[in-house]
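There are 2 protein chains.
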Amino acid sequence: MDLQSFREKEIPSFEKEMLDYIGKDLTKKEQIHEAMSYSLAAGGKRIRPLLLLATIHSLGGNQKKGYAVSAALEFIHTYSLIHDDLPAMDDDDLRRGKPTNHIVYGEDIAILAGDALLTQAFEIIAASDAEPEKKVKLILALAKSAGPDGMILGQMADIQGEEKELSLEELQFIHKNKTGELLKFPIYAACVIAEALPEIEEQLMEYAEHLGLAYQIRDDILDVVGHVEELGKNTGMDEEHNKSTYPGLLTLEGAKAALNQELAAAKDKLKNVEQISKNSDKPVQINLLVEMIDLLVID
Amino acid sequence: MDLQSFREKEIPSFEKEMLDYIGKDLTKKEQIHEAMSYSLAAGGKRIRPLLLLATIHSLGGNQKKGYAVSAALEFIHTYSLIHDDLPAMDDDDLRRGKPTNHIVYGEDIAILAGDALLTQAFEIIAASDAEPEKKVKLILALAKSAGPDGMILGQMADIQGEEKELSLEELQFIHKNKTGELLKFPIYAACVIAEALPEIEEQLMEYAEHLGLAYQIRDDILDVVGHVEELGKNTGMDEEHNKSTYPGLLTLEGAKAALNQELAAAKDKLKNVEQISKNSDKPVQINLLVEMIDLLVID
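Protein chains in written order, with the UniProt record's numbering: chain A, 1 to 299; chain B, 1 to 299.
In isolation and in its complexed conformation, chain A is listed as follows (with noise of 0.2 Å):
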């Protein structure tokens, strides 16, 4: 199955449960689940929840098994962005193309929304029907990578690296941890879930480390060369924040030069796995893994 057929089968089901989470009657919602099912549904890529369940596919597991964290997660990428959104910090007014959560509900809902968001993944992790040691593992993890010494670390850096002139070495270390942690975490659910070879695993965390830092560098590029329709947010933001980008500190051509390496690095962990799995009684198939990074190509 190619990614585009496993995508299409699998995230509209996905979603459909994960939605389900905030309440299946929509006529007893309160409006905090109002206000968090607008952000939740409000689209985006679901690029975390994909590459769970693709990387669960191709070890050889049942991907329906990934979708309760996937849905976790997707409530803490939801919940960071409505608070990145926030007049506070980054003052979005636009984001997936409609306008943010604080504006359709005020700054105070919007905190809580986000609070409720965060608060609910772990429920949803817990209550879900794997083993006990597995939901503690996944739960930990997921701590671990949107807590202070991850996503919300690199949230800092963020705003301390504003209106500042940042070497690259500050700028990785910002994406490594913002956006970075969050990336990585759904390759190594899917290892947990699917019960990973050591040395598999292994491999696909650095293919993950690299997977994160070709997107946040994609990014940053569509930030300049992109447009309004297609990415469903303000372009240009970066530059009007101030804010030290791949571009700025490399320059356009160097920052896809950069894009194109690390695209090649992941593409090389993944061929250590297939060989790795060649040898074992527990085949992997890369192909869907492959066509991620494909996805992160720009032309």
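Source of the hints: derived by calculation from the structure; they are not laboratory data. Honestly, I wouldn't trust all of these hints.
[What the hints assert, rightly or not] Pairs of lysine-lysine residues, derived as BS3-like cross-links and limited to a Cα-Cα distance of at most 25 Å, are as follows: (1) B/65 / A/137; (2) A/267 / A/256; (3) B/64 / B/9; (4) B/267 / A/137; (5) B/9 / A/137; (6) A/29 / B/164; (7) B/164 / A/144; (8) A/134 / B/164.
With the hints as your guide, set chain B onto chain A.
Below, chain B without anything else, positioned relative to chain A:
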């Protein structure tokens, strides 16, 4: 042992362990950790940890086993205060006798510090050394109590009820969720950790329900009759915010009567616990829990 000695023995050693979760080496701390520590260390009565530890001790368990969950609970309580105090929410500049988090660190960092405390709370439980089954139960219960069908639902109702005359029923709905859920959780957590008999747990949960209600009525009364120095926060804030309160709805005398009624009901539940425990091989010492009630009495 009486509650005073228990508190003096346990709370300082608990507080040390709690602050250590943020990082033992202060020189390595980032500003996000500093902002988290600031509000965590700002004191407060540690009523929830005290309740949790005292209940474990009463059930014959080792209260040290409750430190991690108590820390998680205090992390969540503290995050909720930081976010509640934000300009977009209650806009308070004084908390526990000190400037609120956003006054010291700015709104953006205060939002992130709250998010970080909330996230790390689940990490602390997941990383603790209880059995995986117990950890999953505790995480599930904590997320439910603090989430969009618990504390956050109460905060929403509170926001929606501002500038509006509430009925006693509506006021109770707010408090049951906004503060009641996180006051019931420590009793539940203690029962899980110390493996209480189900019939004991049932009575203790009703005790917790009455205690939580009493706690809120008392808070409303103190807002009318208390002093800034005693409370460490501004008084008269409820009236300034036009919030409905028990004294407002029931008169001051009526609120005191309602408080006494809840305290008496809580005491009755402990008598039931004593009765049940006499006929079992797991003795329960109720004296610390009786003293928790006496703490809430207003002369």
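Ascending list of hint numbers which this structure does not respect: 4, 5, 7, 8
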